[in-house]
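Each protein sequence line maps, in turn, to chains A and B. If you read the first sequence in our numbering, its first letter stands for residue 1, the second for the next number, and so on. If you read the second sequence in our numbering, its first letter stands for residue 1, the second for the next number, and so on.
Be aware that a few hints might be false.
As the list claims (entries may be wrong) - Using 16 angstroms as the maximum straight-line C-alpha spacing, the simulated EDC-like pairs for lysine to aspartate or glutamate come out as follows:
no.	chain 1	residue 1	chain 2	residue 2
1	B	15	A	114
2	A	126	B	149
3	B	15	A	222
4	A	129	B	132
5	B	13	A	114
6	A	126	B	138
7	B	126	A	143
8	A	126	B	196
9	B	10	A	222
10	A	129	B	155
11	B	126	A	145
12	B	98	A	222
13	B	103	B	155
14	B	126	A	138
15	B	10	A	138
16	A	129	B	134
17	A	126	A	145
Everything labelled a hint here was simulated from the structure, so no lab data went into it. Being a predicted model, the structure only gives us computed values, none of them experimental.
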Amino acid sequence: MNQDEELKRRIEIVRQAHIDGNEAQVHHRTWVSDYLSGAVLGANDGIITTFAVVAGVAGAALSAKVVLIMGFANLLADGFSMAMGNYLGEKSNQEHEAAERRREVWEVEHLPAEERQEIREIYEAKGFKGELLEQAVEVITSDKELWVNEMALAEHGILPAATQAKPWKGALATFIAFILAGLVPLLPYLIVPGYDNIFFLALVATALILFLIGSLRSLFSDRSWWILGLEMLLVGMSAAGVAYLVGVLLGNVV
Amino acid sequence: MLGFSSVQDKIEKLKQAHLTGKADEQFHKLVFGRYIGDAVYGSYDGIITSFAVVAGVAGANLSSAIVLILGGANLLATGFSMASGNYLARKSEMEYRKTERVKEEWEIKNLADEERQEIREIYQAKGFSGVDLERAVEIITSNPKLWTEEMMRGELKIMDDKDAHPIQSAATTFVSFVLAGAVPLLPYVFGRVSGESFVWATIFTVLVLFSVGSLRTVVTGRRWWLSGIEMLVIGLLAATLAYFVGELLGSLA
Chain A
1 MNQDEELKRR
11 IEIVRQAHID
21 GNEAQVHHRT
31 WVSDYLSGAV
41 LGANDGIITT
51 FAVVAGVAGA
61 ALSAKVVLIM
71 GFANLLADGF
81 SMAMGNYLGE
91 KSNQEHEAAE
101 RRREVWEVEH
111 LPAEERQEIR
121 EIYEAKGFKG
131 ELLEQAVEVI
141 TSDKELWVNE
151 MALAEHGILP
161 AATQAKPWKG
171 ALATFIAFIL
181 AGLVPLLPYL
191 IVPGYDNIFF
201 LALVATALIL
211 FLIGSLRSLF
221 SDRSWWILGL
231 EMLLVGMSAA
241 GVAYLVGVLL
251 GNVV
Chain B
1 MLGFSSVQDK
11 IEKLKQAHLT
21 GKADEQFHKL
31 VFGRYIGDAV
41 YGSYDGIITS
51 FAVVAGVAGA
61 NLSSAIVLIL
71 GGANLLATGF
81 SMASGNYLAR
91 KSEMEYRKTE
101 RVKEEWEIKN
111 LADEERQEIR
121 EIYQAKGFSG
131 VDLERAVEII
141 TSNPKLWTEE
151 MMRGELKIMD
161 DKDAHPIQSA
171 ATTFVSFVLA
181 GAVPLLPYVF
191 GRVSGESFVW
201 ATIFTVLVLF
211 SVGSLRTVVT
221 GRRWWLSGIE
231 MLVIGLLAAT
241 LAYFVGELLG
251 SLA
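Let's have the full structure, built from the sequences with the hints guiding it.
Dropping the structure here:
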């Protein structure tokens, strides 16, 4: 298929999505934003948490079984804690936005002239002028909810609350990604428990899963997969390095 | 922050703020509020992480110095890991928005009629009609940048990324993680043996969970005690889980 046909095909698919009214889901995958950052966050921290456990026991010559139990237990406890942290963080964000919106409502009720002028400025900036501008101001300010929505969006970049992702969705994505990705550094202890240099295998598994998840982000990014993979590998390995050094240091102290 | 003596005083002061163009900073506290999520996320996990360390060594009767070293080192390492995770997450979110913008630009170029119709629907929903509606559609669609922006916000409900600062978000997470996470360790500074200090560490953990939880109301405007209790309950749940996992592991290793 040549490029022209490819383009025509894509145009047809997206046109059909417009007709079906599901363009936002199909072409833009708007559902992604509910889960994306929570999943990346959880995967990164799950991998590093497990790697820290593995690194911590590497010198202690514990059996593979003990490493697995420690790793699993840590995954559950830390994954839960992380997910809850993400939930509280996102919820606080949304509560902050709700508070900003309430202030905007107050302003519209108590300073209507000033707020009307701000709507005028917003639409003037869009290119409205003369009689049409006055009409637009009239239309917007005659509907209080719309008025507040327009102000919150243009002035503070706050979208209407009904369109925001539920905080538990991001938290769930964090928990699941934390456990799934965090399992990978443990895999060598499950598959080849007796291997001499098993910590080295865990290190390789950690690097691979960091790179893999990093590059998977290219599904939702316009940067190339290997740059994204390298980015997550570097950021993750430096965090893992700090965790490892701290573990070694503590091993000497205790 | 502005102080208001009465509703009338508030109205007057805000009129003045609107005139000088300072309504944003003074009334809306946006600059601080933008990072509230990162700060809450970091401080919450810092507290739980430190409590887990303290709980893990509670039975071992180690010296206070060792608990402080263990706790401090853990705070730095885990805090760095959390901050790096947050950095990657914010960056992914930013890039996702950018790719959606590229797609929207593509649609405007290749499916101009459909996209024009969508602008018409957005403005119809706002209450525009007749000639005004057609002129509004004309103005929006004559400026491709504005057209894209209106579609992003109106149709996809995606905000452009001028507000996203991955590095600042990560730094906020790290600093709140270390500061809040230091609180459960404080009792050990006063030179007691770890078994005795654990009771105090638990009390400090409860207090700091409640304090951070209720401090959120500075930017969220909810009732302080309700926000405090919410964070306390969720935090104690996670801390309990961490405690039992620690017990289990102690009996194994």
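Verification of the hints:
no.: 1; hint: B:15 / A:114; in the structure: 7 angstroms, holds
no.: 2; hint: A:126 / B:149; in the structure: 11 angstroms, holds
no.: 3; hint: B:15 / A:222; in the structure: 45 angstroms, violated
no.: 4; hint: A:129 / B:132; in the structure: 12 angstroms, holds
no.: 5; hint: B:13 / A:114; in the structure: 13 angstroms, holds
no.: 6; hint: A:126 / B:138; in the structure: 11 angstroms, holds
no.: 7; hint: B:126 / A:143; in the structure: 9 angstroms, holds
no.: 8; hint: A:126 / B:196; in the structure: 66 angstroms, violated
no.: 9; hint: B:10 / A:222; in the structure: 47 angstroms, violated
no.: 10; hint: A:129 / B:155; in the structure: 25 angstroms, violated
no.: 11; hint: B:126 / A:145; in the structure: 10 angstroms, holds
no.: 12; hint: B:98 / A:222; in the structure: 8 angstroms, holds
no.: 13; hint: B:103 / B:155; in the structure: 13 angstroms, holds
no.: 14; hint: B:126 / A:138; in the structure: 11 angstroms, holds
no.: 15; hint: B:10 / A:138; in the structure: 26 angstroms, violated
no.: 16; hint: A:129 / B:134; in the structure: 14 angstroms, holds
no.: 17; hint: A:126 / A:145; in the structure: 21 angstroms, violated
Of the hints listed earlier, those the structure fails to meet are numbers 3, 8, 9, 10, 15, 17, in rising order.
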